[in-house]
Structure formats: structure tokens, C-alpha cells
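Residue numbers (the numbering used here), protein chains in the order written: chain A, 1 to 280; chain B, 1001 to 1300.
Honestly, the hints are just simulated from the structure, not real lab data.
All figures in this text were calculated on a predicted structure; none of them were measured in a lab.
Quick reminder that beta carbons are idealized off the backbone N, C-alpha and C, glycines included.
Any given hint could be a false lead.
What the hints assert, rightly or not - Derived pair list, reagent style DSSO-like, types lysine-lysine, alpha-carbon separation capped at 30 Å:
#1 K69(A) / K190(A)
#2 K1214(B) / K279(A)
#3 K105(A) / K190(A)
#4 K279(A) / K1195(B)
#5 K69(A) / K246(A)
#6 K190(A) / K57(A)
Claimed, not checked - Some, not all, of what chain B presents toward chain A, calculated at C-beta under 8 Å:
#7 R1237
#8 S1258
#9 L1285
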Amino acid sequence: MNARPPFFRRPGIVLALRYAAAVALTVGFLFPVYWLFIISFKTPEEIFAFPPVWYPKSVQFANYAVLFKDGDAVTVWNSLVLAGVSTVIAMVLGTICAYSLVRFKTGGENLAVWIISQRMMPPIAIAFPVFLLYVFFGWVDSYHGLIILYTAFSLPYVIWMMRGYIEDLPLELEESALVDGLTRWEVLWKVVFPMVRSGLFATAVFTFVFAWNDFLFALVLTRTEVITYTVQVTHYFGGQSNFWAKIAAMSVLGTIPVFFTVAVLQRYLVRGISMGAVKG
Amino acid sequence: MVGADDITTPAGVAPDRLFKYWLIVPAIFLLLLVGLFPLIYSLIVSFQNITMMEVDTSFAGFVNYAQLFKDARLWEALLHTGLITIIALPLELVLGLLMAQLFLERMPGRQIFVSLLVLPTVIAPIVAGATWRLMFDHRYGPINQIIGWLAGEPTTLLWNVNPNLVYPAIFICEVWQWTPFMFLILLAALSNVDKSLTEAAEIDGAGYWRTFFKIVLPSIWPVMAIAILIRGLDLARIFDVIWALTRGGPGTMTETISIYTYVQGFQQFETSYTAAIAFLVIAMLTIIVVWAIRRMGLAK
């Protein structure tokens, strides 16, 4: 009775093996991130040392100081403005649209499918005609041009996500608020919005990150004035000499807010990236 | 009963038939501006003959569309895009599934591992590409250094130039960035599988694989299908990573449809022809997307 299970089936051994695998995977997946961060703190001698230096002797911020001194860091500000403003607009317009789709079945299933299929379009196929339109309007390299594009591109995601959150709400509260004499806009503003606020918050953060991480639209529709950090990173790629320190420092500046966001959003992460397929 | 479709109008409250339309008008307007407008505008421009040299807006017939069929570089770009998708997607899916299995059972500190593992997925793709460019550098990058240790002699592989290595480099970057995406979604899906079903199957003597294919896979399929759809479409429009790593090179070896469209439109300034390409791409993907969404029951 109770013969000991084979070595690799014993609970303690299994757990130890799982930990070993988990640590190995984590180290493997995080090493490139480590490498990016570490280059941003290296001196030029350390960056261009052969064989490579695996950790810097001392942490120094000269690579970042250069970005601020040359004014390149303003591209991070541009990203912030573009992603921030477009997120706010997309959240408001998208949520009220989602409310209409859920509560009034406006447009039926066809409208919902059309909206989500907009999300699936390849950005380059949209970017090119939009570029022609913007040349005509004189909107290329302007804040409002990109904000409109980011807003429109974010809308399907916002509508899709908020539709899921609003569907989870009980109808009774809205109905009794209507009976109590609130107008429909008041019901939306005073009853619905407060009830979905965690969903609003989570969706807004993802919307922000998508716009923040965009490269293609910014590449096509900016020239000098509203360049985003993602475009700026590619300006440091040169034929002969890559400005490694600048690539790394700029990338880190753009990545830290995103990492911070993910840390805050743990609970909503799966629902957010799976477009609501998994309700967490 | 007030209007049948007006489900939030209780008795005694005046129905407001326009309200529901006011709610969708601004969003739909913007979507039409950026969604429908490009479609129509591409269509019009694609029947004209606008190039860098001349702006000829007279009706040119199907010249540009005929050109599509003769353009070997276009079809190669489509082929590259297709290859990248059908190779990277299963890799990410299987690796993500294996990782999810590893973390499925509770273990102390699991949440910390999961939080760290998802970081690559949220990095901007262009930054991911830039990171791997630094990683793959033939002289100062750590990859060649590590390979050198394993091989026992110094290595100077040219990852973003060597024709045999550019695709592996792209796949490594893609799989690194997006396996965690699959992992996170599949982990959530696997956690929701009804334990009593798998346990019952085990008691009935079903082996591991049988249980997996008969019970686990069908119950995670709805979520897995959406993950596949999202990733498949992302891969079909892949641009940033390739732009950072190879810019479509060497030559046009890693040129995808998005890169090629960019080159035609913004470097060669073949406006009308690019509009035709954009229209082709939109048409192809619309068919696939609508089919996939309906097929997978995503709309409900």
C-alpha cells in the first residue's frame, strides 16, 4: 500500500520542476527587456564593448539627459497628448454608442459586426487614403489630425468592450430612474456611467496604450511637429552608426508608463487584451 | 408596452425615439470618416492615374487593377505575410498553451510570474523590434555572444541581413512578444474549465491526451478562437517589427503587404496604384474578417 510514486511524480519534485521551468521562462522572456533598460544606463564605452558588458558598472543618466537637452523628449509629450485626448473622446463617444447598441439594439447585429470589423482593418490600408484626405485638408502633422484618427481607430474597441460591461448591468436601476423623472441623458450620466466606472477605467487604459504604442499612423501622418516617441526611436537607426544609447533611452521612456499601467490593471488585463472574450 | 425595441421605457415615461440615434451618431460619423471614406476614396483614386510625376484624375479604367496581377513583388509580399502568419501563429498558440499548462495549478508566487511574463506583450511593437535589433547586433549584441559560448568559438551572425537568418529573427521577436498574449488568455480559459468533467474523464480511464482533446479543448475553444482571430489579423498586417528589424530586406525578402503598401505610397508615390493595393487588401481582409466573426459567433 502506498508505494512511493516514481521520482518525477512526487509532489515536491513536481513543484520544484515547475518552479525551475517558471524561473527559466521568466528570465528568458525578460532578458530582452533587461537588455534594453541596461543599455540606456550604459556609457558609450560599455555599449560598444566587445564582448558585451552584461551589467553596467554604475548607473548613469546621461543618455536620458541628452534626450531632454536636445528636445527629443518632447516626442513623449506628443504621444501623451495624442493618446490622452483621443482616449477621452473615444471613451465618451464609444460608451454612449455602446449604450445605444445594448439597450435599444440599435442597428441590430449587423451594425455591431460592422463596427468590430473596422477594428480588424489593416492600418496601412486606412492610413493611405486618410493621408490623401489630410493632405487635402492640411491636417498632416497636426495634433487634431492624429487625434481624430486615433479616436476613430479606438472607437470599435471601446464600443465592443463597453457593450460587454453595459450588458452586465441590471436594467431595473435605469428604469426606476426614468420613472423618477430623470431625463435619458441624466440616466446615462448619473446611473449608467457610475455603475460601469471600473469597466470605463480599464477600457480607457487599454485604449490609451494602443494609441501610445502606435507607430504606423504616426509615421505616415507626422513630419516634424507632432512626432511621437515611437517614430523618434526609428530616427536613431542609421545605416552606419545606430545611436544605441538614444534608442534604448527613448524606448525606456515610452515603455515605463505602459509597464506601470499593466501593474495597476492586473485584474482587467485578460478581459482587456482578449477584447472581452474572457470575462475576468 | 411602448415601442418594442425601446426596452428601457417603462410605462408612464414618454418614449424618445431619437435618443438612441443621437447616441450613435458621433461615433458612427467618425467611423465612416475613417472606415468608409478610405474605402470609397481608394476606389475612386484607384481608377485614376496619379503618380509622383503627374496628377491625372481622368478615368483610367482598370489599369491599376490589371497592374496588380502583373506585380510579382505584390504577390511575393502577400506570400511573405501569409508565411509569417501561418508559422508564427501556431508557434505562439502552442507555446502559449504549454506555458498556460505550466501555470495552471496553483503555486506560491504564480501571480508574480504571470505579471512579469506578460510584459513583452504590452511593449510597443516598434520598441520590441528595436530591442531585438540591439539583441541581434552581430558584434555588440548578446545573442551572438551566447551562441558563441555554446558553440565554443566567436560568432558574428548577421541576423538582419543574412537571408537564412532574417526570418528566424522576425519569428523570434514575434513569438517573444506575443506568446505571452496567448499564454494569458489561454491560462484564463483553462482556469475556467469545469474540473468535475476532467476528473470524471480520468476516473473513466481516459488518458491525458484523450481528456485534453475531448473535454479541455472544446471548452476553451470559444476563447481560443478569438485569440487566434485577433493574433491572425495582427500578423496579417505586420509592419512595425519588420520595419525595425529589416525594413523588408535584404532586398525585398521580408517585405510584407503592409511594408510594400507603404513603400509604394510613401516612397514611390504611386498614389493611384497604392489606392488599388489598399482596396485589394481591405476587400480581402473584410471578407475574411466578416466570415470569421460570423463563423465564430463573435457578434453575439
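- prompt: Going back to the hint list, which numbers does this structure go against?
  reply: As far as the earlier hints go, 1 and 6 are violated by this structure, in ascending order.
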